[in-house]
Structures are given as C-alpha cells and as structure tokens.
Amino acid sequence: MAASPASIRQRRSGLRFTDRRKLFLFCLAVPAVIYVIVVALYPLAQGILYSFYDYNLLRRGGRMVFVGLDNYVELLTDATGQRALINTFAFTFGAVFFEFIFGLGLAMLLWRDGRFNRIALAFLLIPVTITPLVVGLIFRALLAVDYGYIGYYLAEWGITSPRGLFAGTTTALPTLIFIDIWEWTPLVALILLAGLKSLPGDILEAASADGATAWQRFRLVILPLLLPTVFLALVLRMMDAFRVFDSIFVTTGGGPADATNSLMVYGVKQGLQFFNIGYASAIGNVTILCIAFIAAVFALLIRRADVRANET
Amino acid sequence: MTKHKSTAWKLGAAALLSAGLAGSAFAADKPLAGVTLTLASQNDQFAAVIAKLAPQFEEKTGATVKVDILDYGSLLTKTQADFVGHTKSYDLVTMDIVWAGQYAENKYTVDLTDWIKRDAAELQLDDIYPATIKYIGQYDGKQVAFPFAGYAAVMAYRKDLLDAAGIKVPETAEDFVAAAIKLTDPSKKIYGFVANGQKGAAVAQDWLQYNAQLGGSVLDASGKPALNSDANVASLKVYKELFDKAAPPGAVDYDWGGREESFRQGLVAMMETWSVGAPGYYDPSMSKVVDSVGISFTPVGKGLPVKYGLGGWGMGINADIDPAKQEAAWQFIKWLTSAPVQKEFNMLGAGSYIRKSTLADPDLNAKYPFLPIIAKSFENADGDYRPRIPQYPEIQDLLGTAVNNVLVGGTDPKAALDEAQKQAEKLF
Numbered sequence: 001m002a003a004s005p006a007s008i009r010q011r012r013s014g015l016r017f018t019d020r021r022k023l024f025l026f027c028l029a030v031p032a033v034i035y036v037i038v039v040a041l042y043p044l045a046q047g048i049l050y051s052f053y054d055y056n057l058l059r060r061g062g063r064m065v066f067v068g069l070d071n072y073v074e075l076l077t078d079a080t081g082q083r084a085l086i087n088t089f090a091f092t093f094g095a096v097f098f099e100f101i102f103g104l105g106l107a108m109l110l111w112r113d114g115r116f117n118r119i120a121l122a123f124l125l126i127p128v129t130i131t132p133l134v135v136g137l138i139f140r141a142l143l144a145v146d147y148g149y150i151g152y153y154l155a156e157w158g159i160t161s162p163r164g165l166f167a168g169t170t171t172a173l174p175t176l177i178f179i180d181i182w183e184w185t186p187l188v189a190l191i192l193l194a195g196l197k198s199l200p201g202d203i204l205e206a207a208s209a210d211g212a213t214a215w216q217r218f219r220l221v222i223l224p225l226l227l228p229t230v231f232l233a234l235v236l237r238m239m240d241a242f243r244v245f246d247s248i249f250v251t252t253g254g255g256p257a258d259a260t261n262s263l264m265v266y267g268v269k270q271g272l273q274f275f276n277i278g279y280a281s282a283i284g285n286v287t288i289l290c291i292a293f294i295a296a297v298f299a300l301l302i303r304r305a306d307v308r309a310n311e312t
Numbered sequence: 313m314t315k316h317k318s319t320a321w322k323l324g325a326a327a328l329l330s331a332g333l334a335g336s337a338f339a340a341d342k343p344l345a346g347v348t349l350t351l352a353s354q355n356d357q358f359a360a361v362i363a364k365l366a367p368q369f370e371e372k373t374g375a376t377v378k379v380d381i382l383d384y385g386s387l388l389t390k391t392q393a394d395f396v397g398h399t400k401s402y403d404l405v406t407m408d409i410v411w412a413g414q415y416a417e418n419k420y421t422v423d424l425t426d427w428i429k430r431d432a433a434e435l436q437l438d439d440i441y442p443a444t445i446k447y448i449g450q451y452d453g454k455q456v457a458f459p460f461a462g463y464a465a466v467m468a469y470r471k472d473l474l475d476a477a478g479i480k481v482p483e484t485a486e487d488f489v490a491a492a493i494k495l496t497d498p499s500k501k502i503y504g505f506v507a508n509g510q511k512g513a514a515v516a517q518d519w520l521q522y523n524a525q526l527g528g529s530v531l532d533a534s535g536k537p538a539l540n541s542d543a544n545v546a547s548l549k550v551y552k553e554l555f556d557k558a559a560p561p562g563a564v565d566y567d568w569g570g571r572e573e574s575f576r577q578g579l580v581a582m583m584e585t586w587s588v589g590a591p592g593y594y595d596p597s598m599s600k601v602v603d604s605v606g607i608s609f610t611p612v613g614k615g616l617p618v619k620y621g622l623g624g625w626g627m628g629i630n631a632d633i634d635p636a637k638q639e640a641a642w643q644f645i646k647w648l649t650s651a652p653v654q655k656e657f658n659m660l661g662a663g664s665y666i667r668k669s670t671l672a673d674p675d676l677n678a679k680y681p682f683l684p685i686i687a688k689s690f691e692n693a694d695g696d697y698r699p700r701i702p703q704y705p706e707i708q709d710l711l712g713t714a715v716n717n718v719l720v721g722g723t724d725p726k727a728a729l730d731e732a733q734k735q736a737e738k739l740f
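Chains B and R are the protein sequences, given in the same order. For what it's worth, the numbering used here labels the leading residue of the first sequence as 1, then goes sequentially. For what it's worth, the numbering used here labels the leading residue of the second sequence as 313, then goes sequentially.
No wet-lab data here; the hints were simulated from the structure. All of these numbers come straight from a predicted model, not from anything done at the bench. There may be inaccurate statements among the hints.
According to the in silico footprint, chain B covers these stretches of chain R (three or more CB under 8 Å from chain B) [what the hints assert, rightly or not]:
#, region
1, 385-392
2, 457-464
3, 717-724
Yeah, the Cβ is synthetic: ideal placement off N, Cα and C, and Gly gets one too.
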C-alpha cells in the first residue's frame, strides 16, 4: 500500500526491459550456436565415438564392435600408419619452415610502398588463388617425364631420374614440399607484410637515429614487434599443411609405395574407399590432436621469444 | 437449341473415345513411358556407346536412360556410398568382375537368378559364354549382376618390330620375357614391354595378370590369403626385371592411360592388356600402329595349364529401388545384352563381348581381326585369378603398394609380399 502505482509500474517496466534485452541477445546467438553444434561439435563427438569401435560399413552388416584404443594402437604400430605420420610431419615442417623464411624475405622486399611493389604483390598472389588440386595437376603435367615441359628435359639432361621426380621414393616428398612452398609462400608473405605495415614508424625512426644497423633493427625491433603476426602466419599455414591431401592425391596417390602417404590421404582411403569408419575416425582424431599440439608448441615458443625480446 | 446440344454431346463423346483409344495405344507402345533409369558407368569404351544407344531403348520402351560416366575410383566410392546409405541415386550400376563378392555379401544388387530362369528363352543363354555368366556377376549362388562387357586378357604386339628382330610371337611367358628384353633399345626410344607401375589398382591388376601366367595365385587352396607364396615372389622378380630392363622409364607411374597410350604411339613392342582397348589400336585417329599391330594370347609359363584372364563388367540392379523400377532396369539389361544390340554395340567400338554370335559375326570380324583370340580365351577363361571375394579391394590396395614399392626399388619382392601378407591376414 505504501508503494505508489507509478512506482510499481516503473519497477515492472525496468525488469521487463532487462529481461527482454537478455532474451533478444540470446535469440541472436542461438542460430550461430546451433550451427556450430550441428556442423562442428556433433560430427567431432561422433568421430571420437567411432574411433573406439571396429566399425566397417562393408563388414558384418555395418555393426559396431567396441575395441577401446585398438584403432589408435593400430595406427601407431602399423607400418603404413607410422609412415603416414612421419610423412605428414616432414611435409608440414619442411613446407612451413621455407614458406616462413621466403615469406618474410618477400614481405621485407615488398614493405616499401610503390607501384612496382603493389603490382608484384598482385602477381604473387596468383598461386594462392588456384585450388591445391589444380596446382597438383599442373605440376604433375609439368614434371611428367614423357611429355612434361620441365620433367622431360630434367630427365633428358640427367638431372633427375629417368622415371621422374614423383616416382622416386626419395624425391617425391621433397617435390611435393616444393609445390606447397611455391603455392603458399605468397600467403605467408601477405600476412607478414600486413604485420610489417602496422609497425609504428616512430620506433623504427628512433632506432635508426640511435645508429642501429639494418640487421640490429631487424633483430631487435622489427622481429619482436612482428611476433604476433609470425605466430598467426605459422599456425595458419601449419594447420593447412598438416591436412594436406589434394596435391598428394592427384600427383602421387600417396606413392611411390608409401613415400608420400599423409594422414589425410590414409584417412580418406580408409574411410571413403574401404568404409572402415572406426579406423578412419581414429586417423582424423590423431590429425586434430597433432595440429592442436603443434599450435600449442608454437604459442609457447612465441611467448618465450617475446619474453626474451622484452628482457633484452 | 435441342439439336445443337445433342450434336455437342455426340462430338464430345467421340472425342473422349478417341482420346481413350489413343491413350491405350500409347500405353501399349511405350510400356515404360515416364521412367528414368540412372546408370553409374565405368568410363571404359562401352560407356560412350551405351550413352549413344540409350535413345534407342527410349524409342522402344519410353524409358529414359541417364548415363553417369565415372572413373574407376569414383565409381566404386560413389556406388558403395549409395548402397550403404540406401540413397537410391543409381538404378543400374556397372559392376567390375572383382566386386561380385562384396555385392553378394552386402546384398547391394538384386539377385537375378530367378529372372534369368524366367526369361531364359528371350536371353538366348546358349549363345552367351558360360564363363562370362559365371565369373561376371555370380558369387556364392547369387547372380548379382548380368554380364554385358566381357574382356579377355590378350597380348598386343608390333609385328614389324618382331619381324625385324627375327622373333616369333611369344607362346610362353619365358619367351615373352626374353623377347621383351631383346626388343628394347632405349637409344631409339623403343621398349620391349609396358605395363602399369602406378601404386594402387593399376599396378596390382597388371601384376596379378602376369602372376597368374607364371603360376602364382593370391589365395591358397582353402581360400585363405597366400600373397607371399614362392610362386608369387618369383613372378614379382620377373615383373621387376621387365620394368628394369624392358619398360619405358615412366612406366613405374603409368596407369591404364599411360600404358595404352605408349603402345598406341608405337614406343612399345609388346603389351598385355584387356581386349577392350584393342579397337583403339586400329583407329588411325589415335593410333600410330594401325598397320603393324597384332593381337595374340597371353603366354603362360612353360608346362602350366593354359588359362586366359577374364575380366569385364556386369550390370547390377540396385536392390533399394522399387520393384517396378527394378523390372524396368531388367528390361534395359535384356535389351543391352540382346544379340542385335550387342552387334551394334561393338560395331561402335565398345570392345565388349559376351555372345558367341557376336564374336562370330562376319562384319565385326572384318573390322576387328582379333575376335577369334577373344573367343578362344573365353572358352579357356580364368576369372578368379583376381579373387572375387569381399576383401578383394583391400587386397588389391595392399598389393598395389607392395608391388609398386618393389618396382621403384624401395624393397625386395619377398619383404614386400611378406608385409602385404601380414596385412591381408587381418582381413580374414
């Protein structure tokens, strides 16, 4: 009775407004959350579940038999699985290392604004726009010993084996790494260039005024400031490289023998060719775990480098 | 007014009667009008011919046949996904001879046994080589596909090169190996032999052919895998010797395209192949050996029983589709495999035979002089040298890696086949 009607109305109105705002925001978020759950989380959970079963759509009428960690043990102990793991790591580190070195070099060269640099950058980005599958087909044709514009002469002049680069157990993987470097270095360069252009000019000018040499400026000023961008470039490339499939599939099919078999090539074969769903799921999960692990290591290394740079 | 109404009614009745009669006539002429059959077809020579002839079937029955032409890997993956998921994307599927076990075990396609008995007269079964019906589509008492494209393993050779070297056409595997090595002259870019070396199905299938000729076998007498038998190890050594001493350098990465092309371009003296590719050797638009090509039997090892590889494709009907459509699909199969269509089929270059009358046809023989070779091969056929068991795809893959590894020098024959054997045993 003490409360006036106006006061009561005001309080209700306030509560309703707050609740309505929360409800509105909730409604905005729900579609996105549902999408992520349906498209990403549910399949991931399903894949994790399948990896603990002997589940082959073509055997025993597709019945699932629980086998615990057998699929993972099989992957890690089987010669083909081990080779796929080794190849994937070798490919990833080999490709990303050189992409970073060359990418940083290109970014430094293109740093200064100018018409030539802008045109050069546009041309450099062409490989990135071509789908990896097509890039694989292009190089397969170029490097073929029978009719390839490059492969024929390399073999004829004795530079490469008469059987071709893709048919050598020691040359096939390096060739694929080279192809990946050719295609993706410009992307790394672009990311690093964006990082360079965002560097504060006054700090660089101050360093120059203090008599720092070019190398000192690079190592003590530019690189430390660029670390977040470096991390971004490395992780993005690493994630893609680790899941390499297209270029391998169309050039070597994982061959010769298992010389270029990657986790994804192996997983696709097991899952989509032999419908061995349980084992393929285990391969997929191991791939994700490896990517997460490498990203975490990168993060730790970058952070340590950052701390050390600040101490200097 | 009364007269006018009466006239209108009469005209109306007449029109209705006419429409009714016309409809009835139409129904009788085109029993499958409105039906669309989707066929998943391997991209072998027969695929384009089926697509070309399909309108004739539509003209005859009213059913439209849509031909989806796929490469081997895509065909296998897409059709298996269709069967496993019961998505009914395809009504008809071209089934490779080696898929019969998997199809039978999983009941992918309709068992045609009873339908064949019912329509035996129409099918003229006596005219069809028993080996094609047995091997292409029959497994464990079920007919999971009906043969429409039988292939014989044959040897193609360049008469001019053999004549110039004073070598007669090899009749034993041993003679074949010796001739291949002798005929090789890398300085002239002439090679005595070519085969698939590419990892996977390509090298596995080619090696299995040579393996059978040299007395090898993938399974033992009890049906268990015996990939690393002494005979197999020995034949793999021979295969590697041929690649090292008699094949084009790029052959270790050849699949069927590379193999056939190198022969058609005249780089190779001898090659073992499926008979389906033979029409291409006589086609001036794609072959440089039209006047010098010869076709003969695949030579078997001295003292071994004379058997010739049988391969090819059967037409399967998706077990998931509704019965009316299954019947329509069966109509298509009967039409495609009928004697008149088979003749036209092959006159157009399908290179696919199942009937004695087709192989004896004078017009076809005038065009393709090698038909008697195919006929005799079908009479002494071995369709099980590539075991038609459910596990065949995995075994083929294991062999594809093992043999390729040997060819590129990564390992020795016994070690490679021992590893493959270990993996194969897990499948049984």
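Here's how the hints hold up against the structure:
no., hint, in the structure
1, 385-392, "holds (count 4)"
2, 457-464, "violated (count 0)"
3, 717-724, "holds (count 6)"
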